[in-house]
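Engineer: Residue numbers (my numbering), protein chains in the order written: chain A, 1 to 438; chain B, 1 to 247.
Quick caveat, the hints were computed from the structure, so don't treat them as lab data.
Fair warning: there could be bad hints in the mix.
Unchecked claim - Straight-line C-alpha distance at most 30 Å; calculated BS3-like pairs for lysine-lysine: (1) 352/A / 133/B; (2) 181/A / 197/A; (3) 352/A / 120/B; (4) 14/A / 8/B; (5) 8/B / 7/A; (6) 136/B / 7/A; (7) 352/A / 84/B; (8) 352/A / 93/A.
Here the structure is a predicted model, which is why all the values come from computation and not from measurement.
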Amino acid sequence: MFNYYLKLAFNSFKRNPILTGLMIAAIALGIGASMTTITVNYLMSGDPIPEKSSQLFHVQVDSWDPNTGFNDEPNTPPNQLTWTEATNLMAAKKDFRQTAMAKSGAIIQPDNPDINPFEASIRLAFSDFFPMFSVPFQYGNGWDQKADEDRQMVVVLSKETNDKVFGGENSVGKNIVIFGKSFRVIGVLDAWQPLPKFYDVNNGAFDDPEALFMPFYLKQELELPNWGNTNCWKSPEGEGFQAFLQSECINFQMWVELETEQDKQTYLTFLNNYVNDQKELGRFPRPLNNRLLNVMQWMHDQEVVADDAQIMMWLSFMFLVVCLLNTIGLQLAKFSAKSAEIGLRRAVGATKQDLFLQYTVETGAVGLAGGAMGLLLALLGLVGIRHLYGDELNDLATLDSTMIATALLLSLFASVCAGLYPTWRACNIAPASQLKSQ
Amino acid sequence: MLTMTDIKKVYRTDSIETHALRDFNLQVNEGDFVAVTGPSGSGKTTFLNIAGLLETFEEGRFELDGVDISHQNDASRSRLRNQKIGFIFQSFNLIPDLNLFDNVDVPLRYRGFNRQERKKRIENSLEMVGLAKRMKHLPAQLSGGQQQRVAIARALAGEPRFLLADEPTGNLDSNMAQSVMSLLKDINANGTTIIMVTHDAGLATQATRNIHVRDGKVSEMNESLSAKVDMPNAVATDNGPAVALVK
């Protein structure tokens, strides 16, 4: 009977093309608006590294102002570390994998005279960065622990940088001039775009990964500039780069990979002991407040999904409800025009259940058509968002297969729900009253 | 075969009760061709709707083919309608966007027949009414008489035991009406019991039984072909149904 009902649904579309078109348009508008905002929220709040997001922990220690908590919140530790903590905690090597990191930038001077020098962002990190975050390589590998310790002048290029400087060739073993120094390329990343960029949400949660990756201690060695957010609760004691590194200013992030809950508790105890030791040295004036948050907890804590994005999503849901209310009205009008046919079908033996299924299939078909059109509108909406917010949301404003399936299921569900009352009314039409009224 | 005993049917609104049928008694036997006449508002159509299981009733007993209808739920009544009853209406009630084949197919779909069985029955019934060659036409492409023949084919395709016709010739000219009447007589001759509501005295005389309904009751029964029936001009002087104000 399903095929029969489907055939009747298409006949009904042909009989009432304007009414059907209006219903499809109403659902499409609601779905288009909803899917645009759902997609942005979905990509903003997605798990960027699902295979190990529960094992990667962002490290926070409360080294802030004794009088005022970080961001004026009394119980919130700072979202970054000082150079002192980053290097001390790394030196302790207490866990399975760990990396402190910082964002910087420098000018690249390609050998090829046809390519102008250009500024590139740098991620300063430890060798564990690559295996910890499952970073894919196109050529070569990351550096090793010895390169960390020896502050070797090695670099890993992003795929885009390698394409730009070396034309996409295997550049491993070649040299590249960065910050006026010659670096040896030891690896080239494959396409890698974690969304959100969880490992450093403080400095653009939806930015592209950096163009270059190099050993962390080169920050000190080359006095590379600070990129990204830097916050200080008191001024550095003295002038210059070294004074900054020895200050209470925060500009560094740190992640550890802990496989079990016990590992996590052990590491937290280590952090607390470390802070207590520092207190004895006159630092860490605030009460003990150290945290380990995993990837999803960290993104939630940092409110990666912006409030206005969530408000937009709820507003779009309300708009969908308004569209569905319109659809209900149109559906009532459509079924009212069919009352003679409904009476006839009841007279010749259709049960209420038969009619309910028939009209639910028809409503569902309208919903799917609306959903398909809504997807096109959502694509337009996402283009609009790209124009509105610029490059920052380029990677968020795309529909993947999950979102396409969600759109179709949502429109099917919404239209069937909207059709329940009109369908119920249609099924309860007294047949006798309709058969003589034609 | 169809027995109604002391059937009472009341239509209610907020302030008015209308007694459409009261103490309605009738027995129809297998093979009968019953013409039901009576003035407008006398209860003819209400009787036909109850006989066709399209409406329920307040009191009395109704047996159809040995089944006590008063205890059947809506789904059971739908099944009985589908299996035992065919309907013919004054305004044909064909579905305009379905061709003749698909219109005749409607009751068979709910019967659960397979595709081959349905096709055979549709072709046979359209053949019987002389429209087998036009089965891909839409109803709008046919004359009124032809449309009523399609409605008859639809009613017959399920091989019902009862054919209920409500003014089947009311929208047709006299030639077409006679043609449809001849067809109904042929169907009755083949064993199908027919109950036909009509205002046309001439057509009523062609049935094997006549009953006259007045004020919701069977007022006269006549088994002869020369039964007394209401003439069309008598309708205007009729007092209509019994109406009582509800306190």
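Engineer: Do the alpha carbons of residue 352/A and residue 133/B lie within 30 Å of each other, as the hint requires?
Structural biologist: Since the Cα atoms of residue 352/A and residue 133/B sit roughly 34 Å apart, the hinted pair is violated (cutoff 30 Å).
Engineer: Between residue 352/A and residue 120/B, is the straight-line Cα distance small enough, at 30 Å or below?
Structural biologist: Satisfied, since the Cα-Cα distance of roughly 27 Å is no more than 30 Å.
Engineer: Is residue 14/A within 30 Å of residue 8/B, Cα to Cα?
Structural biologist: Cα-Cα ~44 Å, so violated.
Engineer: Between the alpha carbons of residue 181/A and residue 197/A, is the straight-line distance 30 Å or under?
Structural biologist: Holds: residue 181/A and residue 197/A sit about 28 Å apart, inside 30 Å.
Engineer: Need the status of pair residue 136/B, residue 7/A: alpha-carbon distance at most 30 Å?
Structural biologist: Since the Cα atoms of residue 136/B and residue 7/A sit roughly 16 Å apart, the hinted pair holds (cutoff 30 Å).
Engineer: Taking only the CA atoms, is the gap from residue 352/A to residue 93/A under or equal to 30 Å?
Structural biologist: Status violated; Cα separation ~72 Å.
Engineer: Checking one constraint from the list: CA of residue 8/B to CA of residue 7/A, max 30 Å. Satisfied?
Structural biologist: violated, 42 Å
Engineer: Just to be careful, I want the Cα atoms of residue 352/A and residue 84/B compared with a cutoff of 30 Å; is the pair within it?
Structural biologist: Between residue 352/A and residue 84/B the Cα gap is close to 18 Å, so the pair holds against 30 Å.
Checked against the numbered hints above, the structure violates hints 1, 4, 5, 8; every other hint is satisfied.
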